[in-house]
Amino acid sequence: MRNSFDTQLEQLNTQLIQMGGLVELTINSAVKALIDQDTEQAKKAILAEQEVDHKEKEIESLCLKLLLQQQPVARDLRRISAALKMITDMERIGDQAASISEIVLYLSDAPYIKKLETIPQMAVETIKMVNMSIDAYVKNDLALAQAVVAADTIVDDMFLLVKSELIDLIHKDATTGSQAMDLLMVAKYFERIGDHAVNIAEWVIYSITGIHKNIGPDME
Amino acid sequence: MRRKILSSMILLVFVTVLLSTSLLTLVMYRQLSEDMRREMNNQAVYIAAGLATEGTVYLAGIKGEHEDSRITLIDSAGEVLFDNRIALSELDNHKDRPEVAEALATGRGEAVRMSETVGSQTYYLAIRLPDGTILRIASTTGSVLAALANSIPILILIFTVILGLAVFMAKFQTKRIVAPINNLDLENPTENETYDELSPLLLRIYNQKNCIDRQIKELQQGKEQFEKITENMAEGLLILDDTGGVLSVNKSALLFLKAKRPAQIGRHYSNLNRSIWLQKVAETAIKGQSVEELFTSNLNHYQLRATPIIEDGETKGVIILILDVTEKQKAEMIRREFSANVSHELKTPLTAISGFAELLKNSLVKREDIPIFSAKIYEEATRMIHLIEDVIRLSQLDEKKVPLAMEKMNLLEMAKNVGVRLLPLADQKGVLVSVKGDTAYIKGVPQLIDELITNLCDNAIKYNQAQGTVSIEVTEGKEGVLLSVADTGIGIPVEDKERIFERFYRVDKSRSKDTGGTGLGLSIVKHIASYHNAKVEIESTVGKGTKIFVSFPKPA
Numbered sequence: 001m002r003n004s005f006d007t008q009l010e011q012l013n014t015q016l017i018q019m020g021g022l023v024e025l026t027i028n029s030a031v032k033a034l035i036d037q038d039t040e041q042a043k044k045a046i047l048a049e050q051e052v053d054h055k056e057k058e059i060e061s062l063c064l065k066l067l068l069q070q071q072p073v074a075r076d077l078r079r080i081s082a083a084l085k086m087i088t089d090m091e092r093i094g095d096q097a098a099s100i101s102e103i104v105l106y107l108s109d110a111p112y113i114k115k116l117e118t119i120p121q122m123a124v125e126t127i128k129m130v131n132m133s134i135d136a137y138v139k140n141d142l143a144l145a146q147a148v149v150a151a152d153t154i155v156d157d158m159f160l161l162v163k164s165e166l167i168d169l170i171h172k173d174a175t176t177g178s179q180a181m182d183l184l185m186v187a188k189y190f191e192r193i194g195d196h197a198v199n200i201a202e203w204v205i206y207s208i209t210g211i212h213k214n215i216g217p218d219m220e
Numbered sequence: 221m222r223r224k225i226l227s228s229m230i231l232l233v234f235v236t237v238l239l240s241t242s243l244l245t246l247v248m249y250r251q252l253s254e255d256m257r258r259e260m261n262n263q264a265v266y267i268a269a270g271l272a273t274e275g276t277v278y279l280a281g282i283k284g285e286h287e288d289s290r291i292t293l294i295d296s297a298g299e300v301l302f303d304n305r306i307a308l309s310e311l312d313n314h315k316d317r318p319e320v321a322e323a324l325a326t327g328r329g330e331a332v333r334m335s336e337t338v339g340s341q342t343y344y345l346a347i348r349l350p351d352g353t354i355l356r357i358a359s360t361t362g363s364v365l366a367a368l369a370n371s372i373p374i375l376i377l378i379f380t381v382i383l384g385l386a387v388f389m390a391k392f393q394t395k396r397i398v399a400p401i402n403n404l405d406l407e408n409p410t411e412n413e414t415y416d417e418l419s420p421l422l423l424r425i426y427n428q429k430n431c432i433d434r435q436i437k438e439l440q441q442g443k444e445q446f447e448k449i450t451e452n453m454a455e456g457l458l459i460l461d462d463t464g465g466v467l468s469v470n471k472s473a474l475l476f477l478k479a480k481r482p483a484q485i486g487r488h489y490s491n492l493n494r495s496i497w498l499q500k501v502a503e504t505a506i507k508g509q510s511v512e513e514l515f516t517s518n519l520n521h522y523q524l525r526a527t528p529i530i531e532d533g534e535t536k537g538v539i540i541l542i543l544d545v546t547e548k549q550k551a552e553m554i555r556r557e558f559s560a561n562v563s564h565e566l567k568t569p570l571t572a573i574s575g576f577a578e579l580l581k582n583s584l585v586k587r588e589d590i591p592i593f594s595a596k597i598y599e600e601a602t603r604m605i606h607l608i609e610d611v612i613r614l615s616q617l618d619e620k621k622v623p624l625a626m627e628k629m630n631l632l633e634m635a636k637n638v639g640v641r642l643l644p645l646a647d648q649k650g651v652l653v654s655v656k657g658d659t660a661y662i663k664g665v666p667q668l669i670d671e672l673i674t675n676l677c678d679n680a681i682k683y684n685q686a687q688g689t690v691s692i693e694v695t696e697g698k699e700g701v702l703l704s705v706a707d708t709g710i711g712i713p714v715e716d717k718e719r720i721f722e723r724f725y726r727v728d729k730s731r732s733k734d735t736g737g738t739g740l741g742l743s744i745v746k747h748i749a750s751y752h753n754a755k756v757e758i759e760s761t762v763g764k765g766t767k768i769f770v771s772f773p774k775p776a
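Protein chains in written order, with my numbering: chain X, 1 to 220; chain V, 221 to 776.
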């Protein structure tokens, strides 16, 4: 019985890592699509997002099965409940990336109103955060998870920068307004992806230490 | 073992004590009743003697004397004449008591009767006195059962003491027996001095141990050999079990997957790398299908080949080979670009030739213009021949298949020859060419070195300004011989510096036509230099001029 429990836990771990890989693929494709105005990549990202959704359902049912059938305690329970929360955030990241891709498809007819500078930097930063948060889970690395939480301010600051840049642009030329709004949305999505990465990192911290920022020390 | 010895010892003690005590009690009891009977007999004799001398008066005197025994005198009719315990009025006729009846008949009678209260019995001895009366003596003792019951407390005491002793002994003894077994040196089973009974076992252990040692060694050797071979492979090798657990991964694979060596065998490959391409390949192979795919990660191109290991129709594992094909892809791209460029470069003169020839064929050219058209055709054909010669030379240098021998030669003299040969071209452009320096020898292929210098000078003249200069210098240094060609020409922008040695690359695309060249000159220079192990460096300022250095190693 124990043995099968361990097998299932390992399976959960594997599935989570694979979902992480899928999420990374989605966001990477979305960013490539955005920077090169590449509609193929945008479509790829939207397709990958569907797979992310599918994977979420799969992991969710595995988690519930584990909780009901094995009644885990302590560290195992934390790991499973953290996984259950993490997949929600991962799925949201997938959604945001797909939304970015949809905007890219929508904007693909016209060139950008300005050369994208801060948004690609934001993209790089958020990809890094997502990578780090999943790595932190894979390697059970507390320091890495904490680094993700710390990195969030960078992305937040970049969002404010993009916002003021776009406002300047609209001031100069009101006709850019429509695309500027879309680009603002893109930046906001990246900012949200960063937030979800932080959430993932916080659940990793909880799974390791038993302490979550919002729920206090674990009763053990 | 200890517990078994202890429990059997306790059982033994229990049985022994119980059996011996009961037997002993029985024997003692018999002895005791024998004694009692004898004593009663003696008593009877005494009393009979007393009665004979003193008569019934004697009986009154012994009333208190024989308290242990009951003495009764009975006449021949069975009437009790005297009893030292019970009043005569309470006693009935004793004639039919077995011992009395027996004594009346034979002169002596004995009987044993259990009393009303269990646990005691009474012995009766009756003798017939000479006057015909019967003297009966009775004595009550405990029964065998009572005697046994009486001995129970002492039995328990003895049992406890012996048991205590036995436990102590058992422990001690067990320890002594077990100690040599515990101290057996199983590393060297045959060197033990212990019970003879253990020898066959030890010998067997010895043989098995040897066998296991040998097998472990063989496995270890096999594993080490496998690791040594795979570790040094340039290809990445990843071996998975049927669930995707990593069984083996070599250094190159870890490098390609950007992963650390896993701490334990059998963890899922996703822990190494979670890329979708790896998942795709691995999962397909686990399902039993071979796959081969190309993937790009960052700037590197990898080729993945996954093969399932199938036994009895079931996938037992998967072998994944990862090849870094970045260089191959790059070379492939260069080759593709090159052939596209060559075709393009060949097409230009051919189009011209074909056009002129068509005009001539259709007699659309005036007779006096024919020499001009023929000259143009000749010119373009020559250009094509040059181009093809260059391409052939390049491919020879690429393959390092130059059909010419290396020899020692004077670099300065060769530079001077080139200078003289290019004089007409220089004059035509109004450029002054000077050659100076030390007489220095290098080892090389004269035709190639000549071509190298010619190409450099040719460029220096062509891309020069009117009234400019080209100075060729040969200097001999400690490390080698340095050839420098400096011009006062248009110069090369920084961003193009890296690319001017590429085939068909031109800094100023618009001027390519009037200067004539094939676009392969500098590429040939670079190849010739590397064929001679020489290095090419470039210093250039836009608008001021370019200086190219070729440093040859000293001839051995």
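By construction, these hints were calculated from the structure, which means they are not laboratory data.
Since the structure is predicted, the reported quantities are computational estimates derived from the model, not experimental observations.
Don't take every hint at face value.
Unchecked claim - The calculated lysine-lysine pairs, modelled on PhoX-like cross-linking and capped at a C-alpha distance of 20 Å, are:
1. V:K480 - X:K139
2. X:K114 - X:K163
3. X:K44 - X:K115
4. V:K500 - X:K43
5. V:K774 - V:K698
6. V:K478 - X:K139
7. V:K663 - V:K774
8. X:K57 - X:K85
9. V:K471 - V:K443
10. V:K478 - X:K128
11. V:K480 - X:K44
12. X:K139 - X:K85
Could you work out which earlier hints the structure fails to respect and list their numbers in ascending sequence?
-> Hints 3 and 11 not satisfied by this model.
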